[in-house]
Amino acid sequence: MAYVPLADRDAEMEMHHPHSWVGKYVWSQDHKVIAIQYGSIAIFTGVVGLVLSLMFRMQLGFPDTTDFVDPNFYYQAITMHGMIMVVYFLTALFLGGFGNYLVPLMCGARDMVFPFLNMLSVWVFLVSVIILMASFFVGGGPTGAGWTLYPPQTAMEGTPGHDMGIILMLVSLAVFIVAFTMGGLNYVVTILQYRCRGMTMMRLPLSIWGIFVATVLGLFAFPALLVAAIMMLFDTLLGTSFFMPAVMEAGTALDHNGGSPILFQHLFWFFGHPEVYIVALPAFGLVSDVLSVHARKNIFGYRMMVWAIIAIGGLSFIVWAHHMYVSGMNPYFGFFFATTTLIIAVPTALKVYNWVLTLWEGDIRMNVPMYFAIGFIFTFIHGGLTGLFLGNVVIDLPLSDTYFVIAHFHMVMGVSPILVLFAAIYHWYPKATGRMYNEGLAKLHFWLTFLGAYAIYLPMHYLGFLGVPRRYYALGTTDFIPASAQDLNTAITIAALIVGASQILFFINIIGSLKWGKKADPNPWGAASLEWQTPDTPPAHGNWGDELPTVYRWAYDYSVPGAHQDFIPQNTPESEEPTVSDEHFDPDKDQSLADV
Amino acid sequence: MSIFKTVTTKPWERKGVIGGMRPEGAFDTESERVALSFFLVIATVVFSLFTISYYIRMELPDWQPLSEPAQLWFNTGLLVVSSILFQWARNIVTRGEQKNLHTALIGAGVFAILFIVGQLLTWQSLQSEGLYLSSNPANAFYYVMTGLHAVHLLGGLWVWSKSSIRLVSGSEAKDIKLSVELCTIYWHFLLLVWLVLFALLSNT
Numbered sequence: 006m007a008y009v010p011l012a013d014r015d016a017e018m019e020m021h022h023p024h025s026w027v028g029k030y031v032w033s034q035d036h037k038v039i040a041i042q043y044g045s046i047a048i049f050t051g052v053v054g055l056v057l058s059l060m061f062r063m064q065l066g067f068p069d070t071t072d073f074v075d076p077n078f079y080y081q082a083i084t085m086h087g088m089i090m091v092v093y094f095l096t097a098l099f100l101g102g103f104g105n106y107l108v109p110l111m112c113g114a115r116d117m118v119f120p121f122l123n124m125l126s127v128w129v130f131l132v133s134v135i136i137l138m139a140s141f142f143v144g145g146g147p148t149g150a151g152w153t154l155y156p157p158q159t160a161m162e163g164t165p166g167h168d169m170g171i172i173l174m175l176v177s178l179a180v181f182i183v184a185f186t187m188g189g190l191n192y193v194v195t196i197l198q199y200r201c202r203g204m205t206m207m208r209l210p211l212s213i214w215g216i217f218v219a220t221v222l223g224l225f226a227f228p229a230l231l232v233a234a235i236m237m238l239f240d241t242l243l244g245t246s247f248f249m250p251a252v253m254e255a256g257t258a259l260d261h262n263g264g265s266p267i268l269f270q271h272l273f274w275f276f277g278h279p280e281v282y283i284v285a286l287p288a289f290g291l292v293s294d295v296l297s298v299h300a301r302k303n304i305f306g307y308r309m310m311v312w313a314i315i316a317i318g319g320l321s322f323i324v325w326a327h328h329m330y331v332s333g334m335n336p337y338f339g340f341f342f343a344t345t346t347l348i349i350a351v352p353t354a355l356k357v358y359n360w361v362l363t364l365w366e367g368d369i370r371m372n373v374p375m376y377f378a379i380g381f382i383f384t385f386i387h388g389g390l391t392g393l394f395l396g397n398v399v400i401d402l403p404l405s406d407t408y409f410v411i412a413h414f415h416m417v418m419g420v421s422p423i424l425v426l427f428a429a430i431y432h433w434y435p436k437a438t439g440r441m442y443n444e445g446l447a448k449l450h451f452w453l454t455f456l457g458a459y460a461i462y463l464p465m466h467y468l469g470f471l472g473v474p475r476r477y478y479a480l481g482t483t484d485f486i487p488a489s490a491q492d493l494n495t496a497i498t499i500a501a502l503i504v505g506a507s508q509i510l511f512f513i514n515i516i517g518s519l520k521w522g523k524k525a526d527p528n529p530w531g532a533a534s535l536e537w538q539t540p541d542t543p544p545a546h547g548n549w550g551d552e553l554p555t556v557y558r559w560a561y562d563y564s565v566p567g568a569h570q571d572f573i574p575q576n577t578p579e580s581e582e583p584t585v586s587d588e589h590f591d592p593d594k595d596q597s598l599a600d601v
Numbered sequence: 003m004s005i006f007k008t009v010t011t012k013p014w015e016r017k018g019v020i021g022g023m024r025p026e027g028a029f030d031t032e033s034e035r036v037a038l039s040f041f042l043v044i045a046t047v048v049f050s051l052f053t054i055s056y057y058i059r060m061e062l063p064d065w066q067p068l069s070e071p072a073q074l075w076f077n078t079g080l081l082v083v084s085s086i087l088f089q090w091a092r093n094i095v096t097r098g099e100q101k102n103l104h105t106a107l108i109g110a111g112v113f114a115i116l117f118i119v120g121q122l123l124t125w126q127s128l129q130s131e132g133l134y135l136s137s138n139p140a141n142a143f144y145y146v147m148t149g150l151h152a153v154h155l156l157g158g159l160w161v162w163s164k165s166s167i168r169l170v171s172g173s174e175a176k177d178i179k180l181s182v183e184l185c186t187i188y189w190h191f192l193l194l195v196w197l198v199l200f201a202l203l204s205n206t
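Quick note, the sequences are listed as chains A and B, same order. Using this note's numbering, you'd call the opening residue of the first sequence number 6 and step up by one each time. Using this note's numbering, you'd call the opening residue of the second sequence number 3 and step up by one each time.
Source of the hints: derived by calculation from the structure; they are not laboratory data. Glycine included, every Cβ here is placed at the ideal spot set by N, Cα and C. Incorrect hints may appear among the rest.
Claimed, not checked - Only some residues are given here: those of chain B computed to face chain A with a beta carbon under 8 Å:
#1 37
#2 40
#3 42
#4 57
#5 128
#6 132
#7 133
#8 135
#9 136
#10 146
#11 168
#12 172
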């Protein structure tokens, strides 16, 4: 086959044009439909995860008043909550949802490179979710081994779901990884190969950089989970001893012998730590774009932001054992991982400074997405700083497995990415649906979520300092935990219930606005990046009408001096750049013009 | 593309269309080839992690080395022949010829299938000696790693079967050129993986 210039291959790319309803909305190969399918499935599982968390919070806040939360169910709920939120909700929504929606639009492509594979990806993802959910309905219920699934207790009689539950969990993860790999190859190759004319890598919006590096991390980190899942499946189903040591269960020796539970921990966290950044990097990218658009200013230090994303991605592969300081490993080993962990704080802090400096002297518009984006800066700084505590071996040891850890990772990879998700949903909603949502309701949703999240997690830091252990069904009586800790737990549960209930506002707003929302302007925020310049809103199949866009500038030309609009779309050629002629331009007089 | 050059450009300074008709920095090749390269890296990660786990597990006291059946040498030969035939098919399609293409391409797949059958027979002979999956960790690794390798090969055979069907139903060499080329790369990769696995399993 003769080489065809890549940008021009788009033009001749055969678009798949379905006509039936099923072809358009069910077995669709359109990246936008797939994005919404991915997003809907992910949000559905997220709601399941949220409800589970409220159920076990009931037990912690009001011990023994809820009869459906017995110890077994408590462990199953915390396990499923963790796994669902990290893998099936955040990863799938960021990469499957936003990755699918934004990659072709922001790169100026008509669709993903392999649309069929993309469709396959979402349906295989659905299968993995069904397998996961099926574990609620099998004998013994879902696994209750904790989301880290550490052997040997995953397979022991005392652990709920030690028979079918754990098997379904492992199979579901393996299927998820297959789905992710199919989707991930698509995002990466689309970003590398299907950018439109003039769209260099360094002209890509940071959202795409975040999604790109996160996907690469996912592609290389998920195999570790796959390997661990396969070996553990063999251990549970076929009696091998990869991870299972010789172990006595109720007085009888199990058939296993000599396996290494620590090996599982290494494999799990070799996946588990990059996973944090698989969730965080797309969030970093999306929030950068939201901040820049609503501050009417170019993102501060674009190149540094890109380098930081790449550096964080690279470093995330050599910090995994900081999750294992208490596993009995060699202290020198711990020292190495403490060092790399603290090094990763450098590019991360750099990003935070750049977000704040983007706001500095910006023409900030307090639109709904901006509330969530600024909220993210708060929660992320907060969660990031507690990470410095836990990254140090000597501080981590006493804090390990306490509520301090819970508070840390919920702030940094729970609340923060979710605030970005809300920012991003509210930011791109007008483009994706062609409707505006109710601003008042959205702002109410923000304040309840943001303040509520602090009400939940700030007290947990204190509980952690007291030494209250995580994952305990009941605290019992000890010398070091005062009775007042229970009052704090009750308050946390009440806050959690309020935050949980306030998400109903979000769903009412998002679903109701589809029908009753005002018709949205094609570019309501005045954004410069390519996805806002589509001929149709919402973008039609094929995205760009007859002709692909050509890009002449980066995605952050906001408030350019002399320009008569405060943003210049990426596809505006220099010759057509609307400027106020130099001799007549008086910055004071024409300020109003520059603000249009 | 020069990665360093790419990430150090100052996008705010450069206006206009950069790089002429096509975007700057993309790989100058088909997207399928880029996707395959990524997939090969992913597969390498999977097999490397198994290898590392193997070494870690080997250190533990209950390890009993497994003496691999001699039949593996024969299986290796089958896979080598399969790879050579693929290379032959690739050379034919690159030259745009048609002669011997059927023999080379179909033969390559058949030898790969024979390799998988050979692997299954090896499993069977191990079982008949009483060396089951759960008998000891070396066996478990043997079954898992050879199994995983065979699964990868089956995935390749699926692509191979699609191009073979196209060839048999009258497609010309140029229509299946890309898929034959990519299959060839994939086969060489799997041969390499097998040689490494074989060396690992038989030397420990």
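Hints violated by the structure (numbers, ascending): Hint check: 3, 4, 5, 6, 7, 11, 12 fail, others pass.
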